[in-house]
Amino acid sequence: MGNMGGADLYSPMDRKFKVKEYAIFLILLGIFIVFAFFLRDRGFLSLVNLMNIFRQTAIISIMAVGFTFMLASGEFDLSIGSTVALASLVGALTLQRAGILPAVFAALGVGALIGYANGFFVVKAKMPSFLATIAMMGIIHGLARWITHLQAVPVLNKTFTYIFGGGNIGPIPTLFVWTLVVMVIGQVAMVMTLFGRKVLATGGNVVAARLAGIDTERVKWLLFIVIGMISSLAGLLYTGRLHAARYTYGEQDLFTVVAAVVIGGNSIYGGTGTIVGTVVGSLILGMVNNGLILFGFSVDQQVIFRGIMILIAVALSPKGPKE
Amino acid sequence: MKNGYILELRNIYKSFGGLRALIDVDLNLRHGEIIGLVGDNAAGKSTLMKIVSGAYRADEGKILFNEEEVQIANPKDARKIGIEMVYQDLELCQNLDVPANLFLGRELHSETFFRFLRKRNMEKESLDILHRLKIDIRNPRTKVDKLSGGQQQAVAIGRAVSFDPKIVLMDEPTANLAVVEIEKVLELTLRLTEHNISIIFISHRLDDVFRVSDRIYVLKHGYMVAVKEKLKTNKEEIVKAMFMDVEEQESLQQ
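Chains as they are written, first to last, in my numbering: chain S, 1 to 323; chain A, 1 to 254.
Keep in mind that the hints are not guaranteed to be accurate.
[What the hints assert, rightly or not] Here are the simulated lysine-lysine pairs, BS3-like style, with alpha carbons at most 30 Å apart:
#, chain 1, residue 1, chain 2, residue 2
1, A, K184, A, K62
2, S, K124, A, K62
3, A, K50, A, K166
4, A, K232, A, K124
5, A, K240, A, K184
6, A, K166, A, K184
7, S, K126, A, K166
8, A, K50, A, K240
9, A, K50, S, K124
10, A, K184, A, K232
11, S, K126, A, K76
12, A, K134, A, K166
[Unchecked claim] Sample of chain S residues at the chain A side, in silico, Cβ under 7 Å:
#, residue
13, G43
14, L211
15, I214
Simulated from the structure, these hints should not be mistaken for laboratory data.
Ideal Cβ positions, reconstructed from N, Cα and C, are used throughout, including at glycine.
Input sequences plus hints: build the corresponding full structure.
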């Protein structure tokens with residue numbers, strides 16, 4: 001080890017192709033090829049169908065990016081699904097009375113507030129995030145049902161539906177743009193910024209992070225607020241895409257979001273944060289779902305498949321901290 | 001510098017409830033010296049080190065640094081004075097690479113709204129640190145959990161040294177290591193003195209203590225029962241000091 005200049009670090013030796021890092025893309029590609037072959041007569045490869053897959057996975061991907069950050073710090077937020085519904089309803093109600101900007105602020109405010117409360121229970125009251133956020137999920141879900149007595153709130157504002165997931169910019173759905181923006185911001189924040197580093201350190205070894213002077217409690221609290229707001233965005237996108245707000249939005253999403261994050265290669269024990277992996281995981285799930293529909297499987301059978309996929313992903317995912 | 005001591009502990013007392021952990025303990029550390037601190041379990045070694053590193057405060061007693069009394073109320077105070085602690089259970093983030101661990105909590109970053117990490121600068125400085133201490137880690141971008149126990153310990157020591165300390169406290173740095181790796185960590189420990197660092201080396205592996213220390217302090221039940229020059233003592237004498245009462249030792253010598 002004679003020459004230890006900085007240049008050494010960037011030698012091709014360190015750029016070895018690591019199959020493991022690209023495995024997720026290979027799996028996506030593999031499934032795509034298999035489906036493209038077996039479902040070639042059932043329209044899998046049609047542009048409409050492929051766009052459909054993107055549309056159906058977009059909102060899940062966005063929520064999954066938030067969940068990846070949460071998990072990277074070593075915490076869970078199980079209240080994201082119900083936050084989607086409440087933010088959607090509050091957003092739509094505000095839209096009817098006050099217009100787009102207040103509606104967006106109101107919806108994001110709901111998510112931020114829920115996140116603030118979650119953070120309080122976990123950071124200050126020292127409750128396990130798993131339990132605190134599951135309790136919060138119940139509260140928020142009840143509120144979402146109560147606020148309009150189970151009634152849907154129609155959204156007629158065309159500008160709103162265009163921006164939030166209903167429209168297209170040229171051939172590209174706005175939903176796709178939102179997903180891309182959230183993914184890129186998420187990836188950059190995780191890998192290239194001080195905040196991302198603090199999140200990973202917190203999830204990797206909270207004692208070491210604290211000893212090194214990182215305010216791990218602040219990091220976690222902030223993350224709860226951020227994931228609340230991301231869930232709110234998901235709620236707005238559902239509202240725009242489906243031209244109405246409903247208390248049922250997001251109800252089934254937690255399961256899929258967790259599946260996407262884990263299939264994407266993130267450890268459920270915290271400390272890993274591959275945003276791109278998460279989004280690819282979400283795409284894999286969407287593609288498999290789509291394929292199963294085209295094969296003629298029922299919704300019930302699809303749910304079973306998704307469960308099996310989570311089990312396989314967890315079995316293959318990075319193990320917990322060493323003893 | 002009249003007496004040549006960088007660190008002096010005088011008449012240190014510490015109790016936890018009714019339990020007296022340290023009773024009237026004195027310890028002196030010379031510039032560039034390595035002292036071994038030995039004792040049976042619960043003899044008070046870790047408590048003493050935690051007082052020096054700021055994790056605990058002594059009930060009574062003085063701490064002098066370069067012959068001036070200092071107050072060490074918390075780990076930050078200790079760091080400011082120039083005292084670093086290397087923990088037994090490595091305080092590293094296993095999921096991060098070597099530069100990330102060396103710079104944990106004081107990452108180099110831009111001053112823009114989004115604080116972008118200056119990864120290249122951190123990698124370069126990390127290589128400098130590893131090079132200076134002759135730590136053999138081929139690819140610093142390796143995640144720490146992929147390194148051997150000895151390499152991890154070296155990273156932990158490297159992190160301590162990167163704060164430019166005057167004193168490093170090492171708590172059982174060779175515990176849980178394979179034999180080959182122990183020697184490397186001991187060599188690294190000896191090398192630190194070339195960088196004007198004085199060391200307190202805690203271990204219950206007497207072989208290691210004899211390999212690196214200049215003098216050996218023995219704690220027993222909270223009392224400092226012996227201080228020996230390494231060259232004027234042997235393992236047998238240290239073991240007796242660790243485990244036997246004074247009368248027993250005397251009767252054996254007769």
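We went through each hint and held it up to the structure:
{"no.": "1", "hint": "K184/A to K62/A", "in the structure": "violated (35 Å)"}
{"no.": "2", "hint": "K124/S to K62/A", "in the structure": "violated (36 Å)"}
{"no.": "3", "hint": "K50/A to K166/A", "in the structure": "holds (17 Å)"}
{"no.": "4", "hint": "K232/A to K124/A", "in the structure": "violated (44 Å)"}
{"no.": "5", "hint": "K240/A to K184/A", "in the structure": "holds (29 Å)"}
{"no.": "6", "hint": "K166/A to K184/A", "in the structure": "holds (22 Å)"}
{"no.": "7", "hint": "K126/S to K166/A", "in the structure": "violated (38 Å)"}
{"no.": "8", "hint": "K50/A to K240/A", "in the structure": "holds (26 Å)"}
{"no.": "9", "hint": "K50/A to K124/S", "in the structure": "holds (27 Å)"}
{"no.": "10", "hint": "K184/A to K232/A", "in the structure": "holds (26 Å)"}
{"no.": "11", "hint": "K126/S to K76/A", "in the structure": "holds (25 Å)"}
{"no.": "12", "hint": "K134/A to K166/A", "in the structure": "holds (19 Å)"}
{"no.": "13", "hint": "G43", "in the structure": "violated (43 Å)"}
{"no.": "14", "hint": "L211", "in the structure": "holds (5 Å)"}
{"no.": "15", "hint": "I214", "in the structure": "holds (5 Å)"}
In this structure, the hints that do not hold are numbers 1, 2, 4, 7 and 13, in rising order.
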